[in-house]
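4 protein chains.
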Amino acid sequence: MSILSADIQSQLAGQGIELPSWAFGNSGTRFRVWTTEGTPRDPFEKIADAAEVNRVTGLAPSVALHIPWDKVDDFGALRRHAEDLGVALGTINSNTFQDEDYKFGALTHEDDRIRRKAVDHHLECIDVMDATGSRDLKIWLAEGSNYPGQTDMRARQDRLNDSLRTIYERLTGDQRLVLEYKFFEPSFYHTDVPDWGTSYAQVATLGDRAMVCLDTGHHAPGTNIEFIVMQLLRLGKLGSFDFNSRFYADDDLIVGAADPFQLFRILVEVIRGGGLNNPDVAFMLDQCHNIEAKIPGQIRSVLNVQEMTARALLIDQPALQAAQSANDVLGAQAVFMDAFYTDVRPALAEWRASRGLPDDPMAAYAASGYQQKIEAERVGGTQAGWGA
Amino acid sequence: MSILSADIQSQLAGQGIELPSWAFGNSGTRFRVWTTEGTPRDPFEKIADAAEVNRVTGLAPSVALHIPWDKVDDFGALRRHAEDLGVALGTINSNTFQDEDYKFGALTHEDDRIRRKAVDHHLECIDVMDATGSRDLKIWLAEGSNYPGQTDMRARQDRLNDSLRTIYERLTGDQRLVLEYKFFEPSFYHTDVPDWGTSYAQVATLGDRAMVCLDTGHHAPGTNIEFIVMQLLRLGKLGSFDFNSRFYADDDLIVGAADPFQLFRILVEVIRGGGLNNPDVAFMLDQCHNIEAKIPGQIRSVLNVQEMTARALLIDQPALQAAQSANDVLGAQAVFMDAFYTDVRPALAEWRASRGLPDDPMAAYAASGYQQKIEAERVGGTQAGWGA
Amino acid sequence: MSILSADIQSQLAGQGIELPSWAFGNSGTRFRVWTTEGTPRDPFEKIADAAEVNRVTGLAPSVALHIPWDKVDDFGALRRHAEDLGVALGTINSNTFQDEDYKFGALTHEDDRIRRKAVDHHLECIDVMDATGSRDLKIWLAEGSNYPGQTDMRARQDRLNDSLRTIYERLTGDQRLVLEYKFFEPSFYHTDVPDWGTSYAQVATLGDRAMVCLDTGHHAPGTNIEFIVMQLLRLGKLGSFDFNSRFYADDDLIVGAADPFQLFRILVEVIRGGGLNNPDVAFMLDQCHNIEAKIPGQIRSVLNVQEMTARALLIDQPALQAAQSANDVLGAQAVFMDAFYTDVRPALAEWRASRGLPDDPMAAYAASGYQQKIEAERVGGTQAGWGA
Amino acid sequence: MSILSADIQSQLAGQGIELPSWAFGNSGTRFRVWTTEGTPRDPFEKIADAAEVNRVTGLAPSVALHIPWDKVDDFGALRRHAEDLGVALGTINSNTFQDEDYKFGALTHEDDRIRRKAVDHHLECIDVMDATGSRDLKIWLAEGSNYPGQTDMRARQDRLNDSLRTIYERLTGDQRLVLEYKFFEPSFYHTDVPDWGTSYAQVATLGDRAMVCLDTGHHAPGTNIEFIVMQLLRLGKLGSFDFNSRFYADDDLIVGAADPFQLFRILVEVIRGGGLNNPDVAFMLDQCHNIEAKIPGQIRSVLNVQEMTARALLIDQPALQAAQSANDVLGAQAVFMDAFYTDVRPALAEWRASRGLPDDPMAAYAASGYQQKIEAERVGGTQAGWGA
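Protein chains in written order, with our numbering: chain A, 1 to 388; chain B, 1 to 388; chain C, 1 to 388; chain D, 1 to 388.
Treat each hint with caution, since some may be false.
As the list makes no split between identical chains, a pair holds if one copy fits it or if it spans any two.
Lysine to aspartate or glutamate pairs mimicking EDC-like chemistry, simulated, CA-CA at most 16 angstroms apart [unchecked claim]:
no. : residue 1 : residue 2
1   : 373       : 37
2   : 103       : 185
3   : 103       : 328
4   : 117       : 100
5   : 103       : 37
No wet-lab data here; the hints were simulated from the structure.
This is chain A alone, in the form it adopts within the complex (with noise of 0.2 angstroms):
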């Protein structure tokens, strides 16, 4: 009998979690952004990646567009070529960092034509969304500055209260808003949502659809990032994850390879908060690829998140909490582990096997003859990437 109850399987069966299509393009540092040979050269090819994955995994059904990189003249036909492909397309990404106007900020900026150009991208995603069924807009903000006394800090928190309520105020349906928070990077002195407070007071004030996206690569050293998630969840407002690891600043590594523990203790709060299955929490994949191959890159993510939730669901709860009632650390600590360290992926293998899926996804992929294909074929045009 497996150690996976039909519980825990259940569970399992319906996690979902969405690919980034610019995982598939290439990506990099500001040193250098490497290519690699079967790049996408368009989000046709990316979705069709990423269907590739959501194939030989099960794992990942729907994928997040980013705009401008993902624009295309008909999105309508962008999203049949998805569903053909078995994939729903997700949650859109607005971008307000590479146009010249936004040096100096967008969503925040002092001058109202800027501020009013960067609302009306954030509209325009809306449509993009009204076009591909999507719930969810992400709003990442660029901004902020480098140095001190270089602008107004409160000034702008001001402003950008004013520019999300007027994008929120655009959404209809269960359309949601979700603000991510970053500590750092692009600017070195001040960003403009931090932390999951500033993200928070900021959605708070907008309604019951704005929500928070804590990206896991976001926190100063050393944070506690699953008492966030707790958090969030308490508060009612983790609206999704953006998933990734990291050993320094935002490394945008593979969720579950810098520190796997964290990612269990983090899988743990969300169970615990009933965020596992919970249409308000989507799990989203935001990584890049540097220099491992894109596509088993994505498959080897989704399948950590996958084999991290089993081992988090392990959890022998009833003994845990004894144990947490009677100050019993070792006790408490003890069946914690346990579950860490339980060897969950053999059961995982004959479970996707039942369910008529590779029981070895990464070596399905190899053996697939996919990544020679698009080798094979995709010569010419401009690889894909964070410019388009």
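Model the placement of chains B, C and D on the given structure of chain A, informed by the hints.
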């Protein structure tokens, strides 16, 4: 003519910084508490020392008490003692970190008896406030956990909210509850109020007289503290400062000693946000003088705050705003730094003398003979420290 | 057949982890030292507790002593006591952080008298080593400064070198000097041996029997510790480990508790660099059990090291090297993580049983009645802590 | 009479800070490289801009080149161009981070061909040095790995040593090799030269003309950089500084902008250790002016170094040493801070004027019309950046 305008002088004249009674007692690290001659043996002697700081600086009109360290039979007598020496009794600080019952929590403890005991301690602190005429009850919670899995962080938040509500409801008149946050220590995995967001989310549910206390040493490495100052002022929830400085963790060094420019930036945001000489925003020190002389350490500290306030007030605001609006990064920075680099010390010395205060408070204290007097008189008894 | 090959079993069989006598005494933070029933009152009782850890794990053949905390009239008697219980006396740790004379330094002090006193203390420690048969003198220096400008860091380095040389020259036979480094605490601005580079530069001038001690909790946030392990092994200067774990500062938590994957990576480099079961590289714990049970805390700790060593030994090295040579990032990572995620616990339990040890040492200890016995017997007297 | 004594003036007169040619080109983050009007198109224009910084400050007598970004057909012509404008060509910086071959390493690469190619690039840089008359070859290595297990860190150290030796042996006369270290970026798990200890251990094996380069932005959070300055000077291995400042990672902001007091402390240790105006210790900038004006950014930077050097020279050393020897913590700190808080700017302005330099270099540049001229003239072509 002084570089300090009449307006600046007026603002400086209104400044008062509360001293912590415990700064006059011995303190140290887990490795060693060093002793010094002349250390007070009781609250009356601590207040006498604090009054000496005020005598030579005119900057320290009140003294915060810590319960039970400063518990006396007759708080009315202590209040008269303080008033006779020209100072007031200020904020009352509770202590839930030294009783065996609190090993695993106090206001968050799962055991109703212990949680009630911790709440009752705070009610007793409010009784003390009634007797001393203090306005603020400051709560810093040492509770948390050392190991992942040890405890249920989510349930603790809910219990914390319940405990705080009971305490808050006992307040009368203009009394306030001020909730401090701290990143880590003495708990090493999670603390129950780790960041400003948690403190804000908690006090926001209580009412208008529940505020956040910002201790400048309680943040993750690299945190932009002045941004938090700005945000809390914007949200109307900055109740008080615990000033100190740090290089690494909660070092509790003299304010302004580790990063003077950070203190400048904090005070700039205080002024920008209307927090200077605003009765809603209390200025306090929370420091340890582990190896340096205590009374001079406190004198140096309040002078550091005063000098940096003067520098922050010197900013040519119209010029700064013009440069900011023009996105003239270097121009704005130049205006900002010009104030920081201006040597305000001679003008402050002159201004102090004009108000009947020593121009050089450190020298005045050294010449006063007070230190020699207390070293001679305070022989025998037990020196005050963190345990008494 | 066990997943642990005969070769792996052989390597595991050779593993020994030295326990710190002080882990059995009370410890805490500057805020509070909690007490526990059954805590030893003297070095004999500490050694009895340490022997109990060894009895149930077979992993802890020696006990490090701390002078003066473990000073006894007759070290020969203490040695026989240990041997009777099946353990040896190990590393001698000096202490220059609790005498009033050392408030501003010991081996670096400007005052010749105090510096000489600190050197003499180390010579006395070597006398103890002669009596106990210990090989290593471990020096951790608490000295440094709290404020910029307080002291002349450069002159202190030179005096430190001079002091260390005098101590080193007193060593005989195979005795060694091992110099620990620490980033901060109890000093808050500078420490005299803050990083591996300084420790290395100092011991390199002394001779072959002067080595570096790497305490896993003594680094700046984000430091790649396994890189240092690799480098010190490469330079032939890794003398010993102080194992523990941390989330923030020098938390001294149970090894492997905060970041199990980091412990794995460290042990991988130990094996790669020839440091496993290499007599030149001592494995020790240096932990505090502030709130958890002490003897089980030590049992858990040595088991964590053993389990993680087993995982590290499981790496398919030829496959790893092949993937590395092919720059197959994900392939190499897969081999690496496969070992980490393998559950070695059942095989280790079986292997322990095959060697006449309890398969579950934690359960064996709990069932032994030892804890109840010491709680009943150790009544009265003063519990051991960091002062005694 | 000036607060700057004749001796201080003499020391200031000897100060020269090398400018990086690349500071005049465009730079940015992975998110965006903003452009500015008037940006140079080739090395000749970069040097013209650098010479302008020297013209108004008298502080920037040389310009560092980056190969291949500054590769020209005739380095003799470039040298004459520089000399005609009153500046010299300085340090030659190699680049092994932008060629596809170097994706997985250069001087450490396992593939002999690639490693040899990287070595050859450095030999070519030495050829350039011969042509430009440069003394220093500065090596910053971007290499490392992004994932644990990806590579064999130990073998890379050995290959690095081998590569460096080959390069070192090609140096002639007074030419030097200076090895920079960096904590992270662009590699996100390990870098091959992460810390001063590694750089020191590597260059120590090469010979007297191999030194360490300390970039002030390349350390883990909280690192005491001035301690490293002290230690490298003590060991005779501090070859050069790359000055800049940072709040978070390698932000490459204007030196002194993020933490002026840290720059002060660094310069105090430079002076203490005999590093000021010591030809063995080169002062350079390594900065990015992502959003601020570039030439004024460089002027501001060299002025910051000059002003802070003046402050550091103002320390009353006998008084400081007396207070230090007496362990008068607050007294020593007072002497130290007195120098920091002294406003040296008026005296420096006067002194500059006395030497025929503009008293206000920023204003002089603004008034010179140079910026308008280059914006008008430099139309068309490709603006220089990190790629050219």
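Hints violated by the structure (numbers, ascending): none
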